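> Protein chains in written order, with my numbering: chain L, 1 to 138; chain F, 1001 to 1412.
Do not rely on the hints blindly, as some may be mistaken.
As the list claims (entries may be wrong) - Below, a list of computed lysine to aspartate or glutamate pairs in the EDC-like style, where the Cα atoms sit at most 20 Å apart:
1. F:1358 to L:41
2. L:114 to F:1312
3. F:1358 to L:111
4. F:1358 to L:108
5. F:1277 to F:1315
6. L:48 to F:1211
7. L:102 to F:1211
8. F:1152 to L:73
9. F:1343 to F:1377
10. F:1165 to F:1036
11. F:1253 to F:1226
12. L:48 to F:1174
13. F:1067 to F:1032
14. F:1157 to F:1174
15. L:48 to F:1315
16. F:1311 to L:41
17. F:1307 to F:1349
18. L:114 to F:1264
Simulated from the structure, these hints should not be mistaken for laboratory data. Values in this document were obtained by computation on a predicted structure and should not be read as measured data.
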Amino acid sequence: MSPDSAPGALGSGRDNIKATTMNEFILIFRHEDGNKVASPEQIQIWMKQTMDWIGGIAAQNKFVAGNGLPFDDAQVVWHNNVVTNGPFGEVKETIAGYVIVKAASVEEAVEFAKGSPVLQGEGNSVEVRRIAKGDGVH
Amino acid sequence: MQQQELIPHLFRTEFSKITAVLCKAFGIEHIEAAEDIASETFLAALENWTYKGIPENPAAWLYTVAKNKARTYLQRNRLFDQKISNHLRQSQEEDEEIAIDLSGANITDSQLQMLFALCHPAIPPESQIGLALRILCGFGIDEIAHAFLTNKETINKRLFRAKEKLRQEKVAIEFPGEAAIGNRLEAVLTTLYLLFNEGYYSECQDSVLREDLCLEAMRLTCLLLESPQTCLPKVKALLALMCFHASRFAARKDERGEMVLYHDQDSSLWNTELIAKGTYFLHEASQGNQLSTYHLEAAIAYWHTIKEDTKEKWENVLQLYNQLLQIRYSPIAALNRTYALSKANGKREAIVEAENLKLEGNPFHFALLGELYTGIDNRKAERNFRQALSLAGTAADRRAIQKKLDILSDQK
């Protein structure tokens, strides 16, 4: 592979995956303790691993969307409009981000989740949930 | 004297200018008349100049003739309209002078507005490219057919249908309004990108013609940069991308006209002026907060202007492909990303991902697998190269893959 061996963009179809059989799944990253601070080097390594992981999903044309959820300024609104700082305090576990993927089955989505660098942290988890299609049936 | 060379050169540049200005003056429904008048003007030049010599200012001569022919056409057309509809009352207005403005500023404006008109969403992309080549670049039908590796009838039919569509849709030759310009510009950029690719990756053996296609795509992109409405970061990014690719023109072909793959290219043949120009426009494109696929592709192409295999280069290329694929998937980007992954993170990791790409019919997929398995599992490498060979669509690709197989068997 090289930049000069690429065929023209005309005719390079994007539809090599039948969208009809695909569902969308959200992978929710949970950190056991969002207050843990890693070294800048460690953060840089995680960043690269995350970008490569997402790139690998995108290279299969299965990436839909994704983003991180920064902890700073996080607020929680409780019953009776009580507002507390951050998700921390009583609950240690925090949501750090999410990725939405296309997958034929929940098993395939789970396989994607297994590759997430988040799982290197003990106690961290990735929750896999199918996204409702909004067609009134599912 | 040099007439033989002068006229074809003039034809391309002046044909497109005259056609755009006339079409703008007449309206899109008269697009064929505009083309005909431009053609007739050149016929007149051929007849005239052969005997009388080339005038001092050939362009001015052409403009005068074109204006006269345009006036005659309009008068005849009006007369015809009047006979049909019996609207004889308009006779006073007949003396009204029809202004055909062939000044530099109006030529640029007309060509830009034509570019937007031709890239109308109602027209399929390959027809847009054909129309752009004909109307905006002054290419002959046989040249377009040659570039698309098809015959004149197919191109004629395609252009005829596209012009019909322009008439039906009553596409106005004007700058789209503020609200629409974003979407319409996107379509224009796609067409220019495809036009460039058509030249860059075409199977057509005529390398002069192919380079001309690329240069025309670059000229039209530059034209967009001349207008404040379209002088935008992503347009600059597209131009940067084209400059970087075009810098390798001379190095891509050997003496026998055979394709030379990137890794085997003599980088001293790369055009440093175009690389510098590309770098300048990529830098200019980085203003603002919009990251387009053109930015990412231009940045990847920038890294490929550095021949040396460094960790930094491949890590950057990998991350750019990671981003590009999130915005817009394409099989070729997926394959190139996996190659960059092997360079940045190692072959074993890349093999796992390459096997997951599910691009079964794609010869480049198997060529990549062959490349990755080479030195790790040569038997698998061979099997993949053979698969690639059986799927390869072009003689050049088959030769490149065969070369890899030969190297493998030499190592046995």
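> For each hint, tell me whether it holds in the structure or not.
Hint-by-hint comparison with the structure:
no.	hint	verdict
1	F:1358 to L:41	violated, 35 Å
2	L:114 to F:1312	violated, 28 Å
3	F:1358 to L:111	holds, 16 Å
4	F:1358 to L:108	holds, 14 Å
5	F:1277 to F:1315	violated, 24 Å
6	L:48 to F:1211	violated, 39 Å
7	L:102 to F:1211	violated, 40 Å
8	F:1152 to L:73	violated, 65 Å
9	F:1343 to F:1377	holds, 17 Å
10	F:1165 to F:1036	holds, 19 Å
11	F:1253 to F:1226	violated, 33 Å
12	L:48 to F:1174	violated, 47 Å
13	F:1067 to F:1032	holds, 16 Å
14	F:1157 to F:1174	violated, 26 Å
15	L:48 to F:1315	holds, 9 Å
16	F:1311 to L:41	holds, 17 Å
17	F:1307 to F:1349	violated, 24 Å
18	L:114 to F:1264	violated, 39 Å
In summary, the numbered hints that this structure violates are 1, 2, 5, 6, 7, 8, 11, 12, 14, 17 and 18.
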